[in-house]
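Novice: All chains should be built: construct the whole structure from the sequences, respecting the hints.
Below are the chains, spelled out letter by letter.
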Amino acid sequence: MGEDIAMGAIEEAISLGASFAEVRLEDTVRELITYVNGRVVALGFQRSRGAGVRVLYGGSVGFASTCDLTREGLRAAAREAVKAARALAPGDRGLAPHPLRSRVFRLEGVKLHPSQVPLEEKLELVKRAYKVAKEGGAASATARYGAHYGSVLVYTSEGVEVEVERLVVGVSASVVLREADRVGDGFETHGASRGFEAFEGEGSPEAVAERALSHARDALKASRPPAGYLTVITRPELTGVFAHESFGHLTEGDFVAAGTSPLTGRLGEAIASEEVTIVDAGFDERGGYVLLADDEGVPARKVVLVERGVLKGYLHSRESAALLGMEPTGNGRAQSFAHEVIVRMRNTFFEAGSWGEEEIVEETKHGLLLDKPAGGQVEEDGTFTFNARIGYLVENGEIKEPVRDVVLAGNILEMLKHVDAASKRVVITTSPFGGCGKMGQMVHVGDGGPTLRTKLLVGGERR
Amino acid sequence: MSELLNLAEWGVKRALELGADEAEVYVSAYASREVYSEGTRLKAVASDSRGVQVRVAKGRRVAAAVATSASREVLEDAVRRAVEMAAKAEEDPHWRGLPDPEPPRHGWVGFDEGVATVDVEWMARLVKDAVAEAQRDPRLKVSSISFGVGYGRRAVANSRGVAVEERGTRSGISASLKAGEGSGSHWVSSRSLVSDYHPVLEEAARLALDSSRAEKLGETVKGAVLFRARTLAMLLSSLLVPALSAMNVLEGFSPLAGKLGQRVLGNLTIVDDGTLPGGLGTSAFDDEGVARRRTVLVEGGVLRGYLHNTYTARRMGVESTGNASRGMGSVGISPSNLIVAGGASSERELEAEAKVVAEGYLLSVHTVNPVTGNFSVVISNPYAVKGGDLAPVKPVAVSGNIYEVAELIKPARRVKDTAMGIHAPDTLIGGLTVTG
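Protein chains in written order, with my numbering: chain F, 1 to 463; chain P, 1 to 436.
If you are wondering where the hints come from, they were derived from the structure by calculation, not from laboratory data. Keep in mind that this is a model prediction, so the values were computed, not measured. By construction, the Cβ of each residue, glycine as well, lies at the ideal position given by its N, Cα and C atoms. Be aware that a few hints might be false.
[To be verified] In the DSS-like style, the derived pairs of lysine-lysine whose C-alpha atoms are separated by at most 25 angstroms in a straight line are:
no. : chain 1 : residue 1 : chain 2 : residue 2
1   : F       : Lys221    : F       : Lys131
2   : F       : Lys134    : P       : Lys88
3   : F       : Lys221    : F       : Lys134
4   : F       : Lys438    : P       : Lys141
5   : F       : Lys455    : P       : Lys216
6   : F       : Lys438    : F       : Lys302
[To be verified] Part of the chain F face toward chain P, derived, beta carbon under 7 angstroms:
no. : residue
7   : Ala42
8   : Phe45
9   : Gln46
10  : His98
11  : Asp185
12  : Asp381
13  : Val407
Specialist: Written out as structure tokens, the structure reads:
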């Protein structure tokens, strides 16, 4: 049935003069349970079914979406897309050739798919996390369960027919501790592109809540960090924000093609210290999100962005690849059928270095060891900020008192030159609750890396 | 009665037939058109989305189901699922039922036929012209210029007799420009049709050109920062709005819990007004069909109330403030239009008292901590105040705790529309640490 309505829309667009037409059908489910202070405050199930139609007309791209999945509904969307593209024509846009014709991408080895798990068991997950938080002394605690799964089908006028499975599950715990007039908060998420087998061991709700508690306990004792230009050691989760937010966005092919990325035209150039290797991959054995093919049906290839300090690659959709005469890398993604494909990251991480984690701290005279990212943002020129909820002062190679709510700022291209240590251990994480936002679209991503040491501007308190 | 309300009422009936004690169905339709440029290349996007949101209760067991379509078949499926989930859900001891029907408190309609019917070809021409206009200055480079319009309709019906529907429109223009290493962006947004891109380009160009000659502040200072209305609005949205939500107050995530009647925010006066003509957040009803109204939240620094939906209001024994919003699987709380009252000083006077003026936007503002009031943000386009003059500086980090410096907050006289659903004056906040 999918193929039938998709073909109708493709024919409609071509008959109206489009040189290319593509239909992307989505059928996905998003589940969410929010459990606050022993009470279910959200118990939700969201089904997303719809279609997005992209066309090329006179060198311009038009996109229209609809949730009317009838033959006529899709034809109407195709007409709308052609009309939009025609309004912009003539243009110089195209699409890089698709590497596939027909293929189905499924996640292998999923044991207990969330669609097969009864609601009671999902409720049990959040209750288990909550119990640990409560027993650990939380004044307030929130536990969440989330899942996103389903499939995306891509049909094009070139004869492409690709189906891709999507899956990510996770639990999170957030706790607030109160002692006299002090407040300490901690947050932890565990996510994976797996079934419910992901909630075992370190991924169990108990372990997640325990880690949130431990951060909250430190936050309770923590003071504001010192302000200034300091040596900063970032733990893997925070390193990941670095990789993704501060660097990854600059390698996105649309920004490169528009000439607004400071990395435009710099392939082969040394832009970072030799300790720096950064990768964007659809899949990595060490964890994160699994994206086998993107929302254009292009297989996700592993892209080495920086290798030992040298800029090696950009991320591409079919559109951005065409603009630069390069090949698509499987980075064309859309939040849903109602959104157009733009260039997005998948799992972006720094590769391992040669240091032991303790060794990095021991070799640091004065600085901050930081953990638990609370998000970040980057501007087109590479100016970034990102925040750490919790961290510790490092004095003469020893970890000292905790600090909290630390904002780090700088320019990534300046900062990458100062990376002088990376640990052997790499951690990559993901989450079903949020992801990466760009141009109003949110997609699931993963990020990570080793423990890194560099120098950054820290916004804190003047002491 | 429209097709949307018909569908909502049918859904309520089905839920009751399937065994729900109470049911509520929210149906929405949203059509948007956007033409934007990636650099100088244009792209056109149209989206036509529909959604149904079902909330049902069996006794005190509540569940929700959501779907991105608005056919009977999809709604039937969502209703069935919600009723099934409610049967298995836990009891909520605080559940006191769905809202009761009530008449609207104002008659302003934020709908402009001109927005709903605008043609994509005209939109494309406007963006092409705007791109060409921006390129006239050889120092500038276009990152992106966008023109978007949206037309939404929604209906809410419940088993207590709520049956409301309304429509609204919105349009906006934004520009993001570069000048050398510098960048600047600006936007406007309105319930009616905006088409004049010149002020947007001029403001983005000013910020970009200024930041291209910015120097490092080169020090860490403690003192006052003058937040322009927009940067203030960004800070308040992330830091204060969550703290004013009655849900966060009830669950222990707000530092304002138990502080009603106490002076917590210096001299600030903050009002939520869902009836404000022209407001981006104005409507007749909130997302559960409760009439929008005007609510004083903070008066002369004294906390007077919180933002409520029906659930939190009944739990705290007060009236809903008409601030229910819809999220995935739950009914949340959002401000409608937030209005920060003006003070006694002129903007010039406040500039003279500031170390730094915050323009552009706040990076990482979503990472501030509303549970404690701690914030640490980076100003994209700051200006250092030197001998009465404003000199652009590179982005600086600003940190502090909003409640600790509350007595050092000074709003200017003139209240401005920030195009973010917040009307606020430029506001000086003292006692902050600035690093750059």
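Novice: If a hint holds in the structure, say so; if it does not, say that too.
Specialist: Structure-based check of all given hints:
no.	hint	in the structure
1	F:Lys221 <-> F:Lys131	holds, 23 angstroms
2	F:Lys134 <-> P:Lys88	holds, 23 angstroms
3	F:Lys221 <-> F:Lys134	holds, 19 angstroms
4	F:Lys438 <-> P:Lys141	holds, 20 angstroms
5	F:Lys455 <-> P:Lys216	holds, 17 angstroms
6	F:Lys438 <-> F:Lys302	holds, 21 angstroms
7	Ala42	holds, 3 angstroms
8	Phe45	holds, 5 angstroms
9	Gln46	holds, 4 angstroms
10	His98	violated, 20 angstroms
11	Asp185	holds, 5 angstroms
12	Asp381	holds, 6 angstroms
13	Val407	holds, 4 angstroms
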